[in-house]
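Participant: Okay, here's what each chain looks like letter by letter:
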Amino acid sequence: MSGLARLGAFAHNTFREAVRDKLLYNLLLFAGLMIASSVVLAKLHVGYDERIYRDVGLAAIALFGTLIAIFVGINLLHREISLHTVYSMLAKPVQRYEFLLGKYLGLVGLLAVEISIMASFFLAVLWIKGSPPTAGLGWAIQLIFLELALVTAIAIFFSSFTTPYLAGMFTLALWIIGHLLGDIRAFGLQDGAEAYKPLTEFLYWCLPNLDRLDIKAEAADGKVIELARVGLSSLYAVLYSAALLVAGSFLFSRRDFR
Amino acid sequence: MSVIQARGLRKVFRTGFLMRTVEPVRGVDLDVREGEIFGFIGPNGAGKTTTIKMLTGLILPSSGEATIHGVPVPLPESRRGLGFMPEGTYFHDYLTGREFLDFHGRLLGVPRAMRERSIPELLQKVGLPHAGDLRIRRYSKGMRQRIGLAQALLGDPDLLILDEPMSGLDPIGRKDVRELILQLRDAGKTIFFTSHILADAELLCDQVAIILKGQIAHHGYLGELLGQEIEGVDLVVEQIDEALYERLKQEARRAVVQGTRYLFELPDEAHAEKALKLVLEAGGRVRSLSPRRRSLEDLLVSDLQADSATARSEGEVER
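Protein chains in written order, with the numbering used here: chain A, 1 to 258; chain B, 1 to 319.
Among the hints, erroneous ones may be present.
Derived list of chain A stretches under chain B, where covered just means 3 residues or more per stretch with a C-beta under 8 Å from a C-beta of chain B [unchecked claim]:
| # | stretch |
| --- | --- |
| 1 | 90–100 |
| 2 | 241–249 |
Residues from chain B shown here face chain A by an in silico Cβ test under 7 Å; the list is partial [what the hints assert, rightly or not]:
| # | residue |
| --- | --- |
| 3 | L58 |
| 4 | R80 |
| 5 | F84 |
| 6 | Y94 |
| 7 | R106 |
| 8 | L107 |
| 9 | L108 |
| 10 | P111 |
| 11 | Y139 |
| 12 | S290 |
| 13 | R294 |
Simulated from the structure, these hints should not be mistaken for lab results.
This one's a predicted model, so the numbers in the text were calculated from it and none came from an experiment.
Every residue gets a Cβ at the ideal spot worked out from N, C-alpha and C, and that includes glycine.
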């Protein structure tokens, strides 16, 4: 049997576990409420209606997507280990990286479905309010999805060797830092901050630069977004995620299940 | 031919903030031969589960080596043809029994048509024919144990490693599992199992290994380990008077009154013959007369007693 078929089995089971989890539906419900709230918010800022629908809609998709990626992602891997369900799976002729990648693919599949649902709801709000969707919104949603796939890879990487609490904290910290890397680098380039420059440059080039994947503001403004930029950012997210999964698989293969 | 072979298998864990070392398995050697039922016996914390986890690739050995079907552990190929049931009843409880078996069948590479045919058969075999569409979350502990066993039987493996397969089962369930294990042996399978229910192990096993504090204390065929010598004779009688009871008590190691019945544990056959003669002469009724051989429990208890005596004397020397 090919490793691909086993990956498929792990991914399918992960997806099935997630869709049977009530937490997911609660998060989706809140995301829907937040997108719908843009209609009320737009009434408070007359003249900025379209910008508010787009801003709030994209922010809701990104925020709740991130919550699902971090909490559902970490929880799903942690549960397999803490509830010992991993024993009967890994005692079969499977490679541990197949298990880890299968979990990742299942989660990414879940994120794809979850983003599709939220995006459909977002587009429905735009359609009802007569605001036409733009290509930029589509690219922004694609990059949100890739950012979430990268955040999931970070969560899986930390979960492969540490406790769920620490994995959650580390992932959240990297998500925050990842959105501030541009500012961190700018700080190191300031006059008088030369001593910090090696550190800020190191952080800028080594940590996942999530700012690079964030085009929500430009898309909400209706600006034209270059395809090359979207392509390079997408490639960056895919390669960074792949590197994290390789490192996570290596650490997971050395883990003892006591 | 050895299906499982282990030489000097050892595991050291580092635990806690100070990274203290703990060594639950200290150089285990095992030889499990094809077509046998092998019991891996020991008290809690003796190292049984850690050894099993090393054999199944869940824990990496610190030193030593093991092979399954000649393939070094922990290579995934060593787990081909192996069915494993872990201790406890930890399964995906959001799945139905049928979905659970289907998922595990997919991991083993069992084709869909074969899964569709074999899953109902397995559910029938483990006594869950009507529970296949029920979520595992709603299963009782005994039902979880049975679905775990069905999972281990998927793909018709040659070797079964069962960690406490009788745990959590009622007497009927235990009997069913015992019979299933014997049927599997008759079908040519090799079964390696742990149990703390020594009577079950004694009924089933060809070979046993007793593990204490991470080391194998005894390893061999039951007949060799327990011997054939009679360790005593149990005599159960009725309708005897007080004077005869007192007389028989003098012959016995222990006497127990059970309602109208009297049980005498006699030290040997000579004492048994004498006691039997006394009862028959006095007109008493003999209910049973059975020789008592050394049991696994006797062996394990004597090992544990010797171990605690050694620990006490070492403690005294240190003081």
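Participant: Which hints, by number, does the structure contradict?
Facilitator: 2, 10, 11, 12, 13
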